[in-house]
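Number of protein chains: 2
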Amino acid sequence: MDTYKIIEVKESVFADNDREAARLRQELKQSGTFLLNLMSSPGSGKTTTLLRTIETLKDKLRMGVMEADIDSDVDARRIAEAGVKSIQLHTGGMCHLDAGMTEQGLREIGTDGLDLVVLENVGNLVCPAEFDTGAVKNAMILSVPEGHDKPLKYPLIFTVCDALLINKTDVLPYFDFDMDKVVEYAHRRNPKLEIFPVSAKTGEGMDAWCDWLRRQVKDWQS
Amino acid sequence: MDTYKIIEVKESVFADNDREAARLRQELKQSGTFLLNLMSSPGSGKTTTLLRTIETLKDKLRMGVMEADIDSDVDARRIAEAGVKSIQLHTGGMCHLDAGMTEQGLREIGTDGLDLVVLENVGNLVCPAEFDTGAVKNAMILSVPEGHDKPLKYPLIFTVCDALLINKTDVLPYFDFDMDKVVEYAHRRNPKLEIFPVSAKTGEGMDAWCDWLRRQVKDWQS
Chain A
2 MDTYKIIEVK
12 ESVFADNDRE
22 AARLRQELKQ
32 SGTFLLNLMS
42 SPGSGKTTTL
52 LRTIETLKDK
62 LRMGVMEADI
72 DSDVDARRIA
82 EAGVKSIQLH
92 TGGMCHLDAG
102 MTEQGLREIG
112 TDGLDLVVLE
122 NVGNLVCPAE
132 FDTGAVKNAM
142 ILSVPEGHDK
152 PLKYPLIFTV
162 CDALLINKTD
172 VLPYFDFDMD
182 KVVEYAHRRN
192 PKLEIFPVSA
202 KTGEGMDAWC
212 DWLRRQVKDW
222 QS
Chain B
2 MDTYKIIEVK
12 ESVFADNDRE
22 AARLRQELKQ
32 SGTFLLNLMS
42 SPGSGKTTTL
52 LRTIETLKDK
62 LRMGVMEADI
72 DSDVDARRIA
82 EAGVKSIQLH
92 TGGMCHLDAG
102 MTEQGLREIG
112 TDGLDLVVLE
122 NVGNLVCPAE
132 FDTGAVKNAM
142 ILSVPEGHDK
152 PLKYPLIFTV
162 CDALLINKTD
172 VLPYFDFDMD
182 KVVEYAHRRN
192 PKLEIFPVSA
202 KTGEGMDAWC
212 DWLRRQVKDW
222 QS
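So the sequence lines, in the order shown, correspond to chains A and B. The end of the first sequence is residue 223 by our numbering, with every number in the run present. The end of the second sequence is residue 223 by our numbering, with every number in the run present.
These are computed hints drawn from the structure, not numbers from a lab. Glycine is no exception: its CB is placed at the ideal position from the N, C-alpha and C atoms. Check the hints yourself; a few may be wrong.
Cβ-Cβ distance ranges computed for the label pairs, FRET-style [as the list claims (entries may be wrong)]: (1) A/K193 / B/M180: 37 to 45 Å; (2) B/E56 / A/Q222: 41 to 49 Å; (3) B/G111 / A/R216: 50 to 58 Å; (4) A/D60 / B/K59: 53 to 61 Å.
If we strip away everything but chain A, and leave its shape as in the complex, we get (with noise of 0.2 Å):
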C-alpha cells in the first residue's frame, strides 16, 4: 500500500481523557496491537528514524503509522512510500494529541491485523507530554543539535517516557554535546529511562533500538 488517508482529528468530547486513554489500550490489548507514542521537537528527526525502523522491522511485524501534524502531509507521503499503512492526522491547529484524537485516528487506520502501530505525535516537547495518548509506550528523540540541557528544560516530557533515542550522533563531532550529562539529566527525572543512542541517517545503533520496540511488543501480545 503506497497511498495515504488524510485525517481531520477533532479535539476530544471526553472529559476524562485518562479514562479514555486506559480503555483504549484495553481494547488495544485485546485486538494485540501494540500502540507507540513517539514525540519530540521539530526537526529532530521523527520521521527518518521511523523510516530506520519501519526497515528493519517491516518483515518481522506488521506495521502502520499514523503521522500527526498540525497542517502538511510531507510525513505521510515518506511513511506511505516505505510500503507500510500510513495515515495523516491534521489536529487542525491543536498542539498535541489526546486519547479521542488518537482513537479517531485508529478507527481509521484500522488495528485488525497489525502488530504495532506508531503515533508520530506532533513536533513540541510540552503539550503532548500532558495528555495521555491511549499508547502502550510513549518514547521520544533528542537530537544532538538541541543540546544535553533538555532534561533541565522540558522535564515531564522526560519522566512519562519509557524510552529515549539520541538521535543525529553522526554530526557530534560538530556540536558541544556532552553524552554523559544527557544521560545523567535525563535519569535524574526518570532513572528507568532507557536510551538510545543513534544515527537514523547512518543506522547506527537502530538495531539495539527496534530489539528494544520488538521485545515491548511481544511482551504486550503474550
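Put chain B on the given structure of chain A with help from the hints.
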C-alpha cells in the same frame, strides 16, 4: 548587575488576550520601551543568539531580558553573566506566554530606562504563536538541523513573525538543508518576513540582524 530573580508567572485572568496585549503595547510606547518576543523550537540557539545580540548592542541600547522556561534557570544565569538586567519567568508547565504573563514579568524587570526588552518565549513552534504577548515585534529562530520544511509544518509561527533568523549556518555542510527552499516556503507563509541567516556560534550574519533590531527600536521610540 549579574544576579536575576525567578518569577512564577500565573496564567492570565483576562478573557480577551488581544485587548490586554494592545493595552500593554500602548504602555510600552509611552515608556519608550521596545519589547521583542523571540520564539523557536527547543535547542535552536535562542540563548546563544541573544548573548551575541547583547554583545553587539549593549553599548548602544539599554537592554533587559526575560527568560521564560517551564523549569530551570540555566538560561537566565547565562544572560545575567553577560551583564544585562535579566529575570527568569517560570510558567509552571504552561507551553506559552500570554500578555498577562508578559506584563507580570515587565512589572518585575521594570521598563523604566530600558530601550529594549527581549522576551525569550518557551521553546515551542506551536502554542506561543497563538498568543499576542504585547510585543512590538515577533522574531523566531529556525536552526539548520531542524530542516527546511518547517514553514510547511508549522505555518502560524512563520505568519505572525516579523523576522526569521536561520541559525547554525556553520553546520550547513553536514545537513541536507536547502536555504533557497526555506526562504521560498517562509515567504509563501509571510511575504514580508525579514530573513537573516546567522551563526550565533561564529558571529556570522549577526550584524545584519542587530542593525535591523536597532532600527526597529529607533522607529518605536521616535
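Checked hints:
{"no.": "1", "hint": "A/K193 / B/M180: 37 to 45 Å", "result": "holds (42 Å)"}
{"no.": "2", "hint": "B/E56 / A/Q222: 41 to 49 Å", "result": "violated (57 Å)"}
{"no.": "3", "hint": "B/G111 / A/R216: 50 to 58 Å", "result": "holds (56 Å)"}
{"no.": "4", "hint": "A/D60 / B/K59: 53 to 61 Å", "result": "holds (59 Å)"}
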